Every structure is written in structure tokens, then in C-alpha cells.
Amino acid sequence: MRIHHTRATWAHARARCSRRKRFIAVLVLALTASLLSACAAIYKPAPFWGASGYSSTNIDATTVSVNYLTGATADAGTARDYALYRCAEIALERGFDGFVVLKGGAFSSTGPYGTTTSSTIVMRLFKGAAPDRGALPASAQGVYEARAVKARLEAGIKR
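Take the sequence shown: its letters are residues 11 to 169, numbered as in the working numbering.
Since the hints were derived computationally from the structure, they do not count as laboratory data. Since we're looking at a predicted model, the values are computed, not measured. Check each hint, because a few of them may be wrong.
[Claimed, not checked] In silico lysine-lysine, DSSO-like type, Cα no more than 30 Å apart, as pairs:
{"no.": "1", "residue 1": "Lys113", "residue 2": "Lys168"}
{"no.": "2", "residue 1": "Lys54", "residue 2": "Lys168"}
{"no.": "3", "residue 1": "Lys113", "residue 2": "Lys160"}
{"no.": "4", "residue 1": "Lys54", "residue 2": "Lys160"}
{"no.": "5", "residue 1": "Lys137", "residue 2": "Lys168"}
{"no.": "6", "residue 1": "Lys113", "residue 2": "Lys54"}
{"no.": "7", "residue 1": "Lys137", "residue 2": "Lys113"}
{"no.": "8", "residue 1": "Lys137", "residue 2": "Lys160"}
{"no.": "9", "residue 1": "Lys54", "residue 2": "Lys137"}
[Said to hold, decoys possible] Pairwise CB distance ranges, derived in the manner of DEER restraints:
{"no.": "10", "residue 1": "Pro147", "residue 2": "Ala86", "range": "19 to 25 Å"}
{"no.": "11", "residue 1": "Lys168", "residue 2": "Lys137", "range": "29 to 35 Å"}
{"no.": "12", "residue 1": "Arg30", "residue 2": "Ala61", "range": "36 to 42 Å"}
{"no.": "13", "residue 1": "Ala71", "residue 2": "Ala140", "range": "17 to 23 Å"}
{"no.": "14", "residue 1": "Gly124", "residue 2": "Ala71", "range": "36 to 42 Å"}
{"no.": "15", "residue 1": "Ala161", "residue 2": "Asp70", "range": "23 to 29 Å"}
All C-beta atoms in this analysis are idealised placements derived from N, C-alpha and C, irrespective of residue type, glycine included.
Make the full structure from the sequences, and use the hints.
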């Protein structure tokens, strides 16, 4: 038995193939976009140790260590900004006006899943006027007013 194909049948087959190609192209683009966004630094709490996001440890009533671990595409500046933003949030949540960065730094490491950058800041919280520079430890890296830090960095925070 011989099957005769009409022009309409061939046109229908070509259209179906074209729709399939468009669907695959859209699917590939969507997957690529989602993979790239997964690597970007998103401001969020770290769900567990070693995952990207922020975490903090209380050293005493007014001293806190804050860490921000980024995804593979973020740089040290982003990690530091996110850690400073978290410091400002903690200060305001606890009723303080500002904080002194006692120690801070950022570093990058390369592992099996790419390069990650971490910024750790040890801060001391204060109320009222900022402490005099002479009253601070020699290693202090800066004095920050929490509301000003939060306002300055807010636009760059990706959630």
C-alpha cells in the first residue's frame, strides 16, 4: 500500500517541527538564565553552614561576627557590602545606632563547585554618638552609623 502525501500534510509536518524547535530554544534559554542567576549573590540567610548567604555569631552582648558567603560570580566588594549591610541590620534590630568594625576582610577560594568569596566582619555595637577614635582599638577599621550604611547600600542589595 502506498501512502500519498499532500502538500497540506507536508506543511503541517514542517510547522510541527518548527514549533518543536522554538520550544527547545525557549527551554534552553530559560535553563541557561536560571543557572546563571543561581550563581549570583542574593542577599539571604545561609540555610546551613557553607551555603551562600549571611550568618552571625554573638561574641558578647555588643560584639558580633558577621559572615557573608557569595555565589561563584560575585566579587569581594559585593561580599563586603552584603556583610556591612547585615551589620547595619543587626545594629538596628537590637536598638543600636551604629557599629565599629574591629576586624574585617574578604577572601576567595576555589573548590569543586567554582570560586566563592567570603567577607567576615567583627563589629562592636554602640548607642548614641560614635566613640572617639582614640577610645577604639588600634586595629579598628572604621566607625559606621547603621541607618546611613543601610540607606547607602540598599539599592545594590539583590533579594
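Okay, the hints, checked on the actual structure:
1. Only pairs whose Cα atoms come within 30 Å are accepted, and Lys113 paired with Lys168 is accepted, the gap being roughly 25 Å.
2. For the hint pairing Lys54 with Lys168, the CA-to-CA distance comes to about 9 Å; that is within 30 Å, so the pair holds.
3. Restraint check for Lys113 and Lys160: satisfied, since their Cα atoms lie roughly 19 Å apart, inside the 30 Å limit.
4. Proximity of Lys54 to Lys160 is assessed by CA-CA distance (about 15 Å); at most 30 Å being required, the pair is judged to hold.
5. For the given pair, Lys137 sits about 29 Å from Lys168 by alpha-carbon distance, which is consistent with the 30 Å threshold.
6. Proposed proximity of Lys113 and Lys54 is supported: the alpha carbons are some 22 Å apart, at most 30 Å.
7. Using a Cα cut-off of 30 Å, the hinted pair Lys137 and Lys113 holds, with the two alpha carbons roughly 20 Å apart.
8. Using a Cα cut-off of 30 Å, the hinted pair Lys137 and Lys160 holds, with the two alpha carbons roughly 16 Å apart.
9. Of the pairs offered as hints, the one joining Lys54 and Lys137 holds, with about 26 Å between alpha carbons and a cut-off of 30 Å not exceeded.
10. At roughly 24 Å, the beta-carbon separation of Pro147 and Ala86 lies within the given 19 to 25 Å, and the hint holds.
11. Against the hinted window of 29 to 35 Å, the Cβ-Cβ separation of Lys168 and Lys137 comes to about 31 Å, which satisfies the hint.
12. Judged by the Cβ atoms, the range 36 to 42 Å given for Arg30 and Ala61 holds: they are separated by roughly 38 Å.
13. At about 19 Å, the beta-carbon gap between Ala71 and Ala140 stays in the expected band of 17 to 23 Å.
14. Range check, Gly124 to Ala71: about 38 Å between beta-carbon atoms, so the 36 to 42 Å window is met.
15. The beta-carbon spacing between Ala161 and Asp70, approximately 28 Å, falls within the hinted interval of 23 to 29 Å.
Checked against the numbered hints given earlier, this structure breaks none of them.
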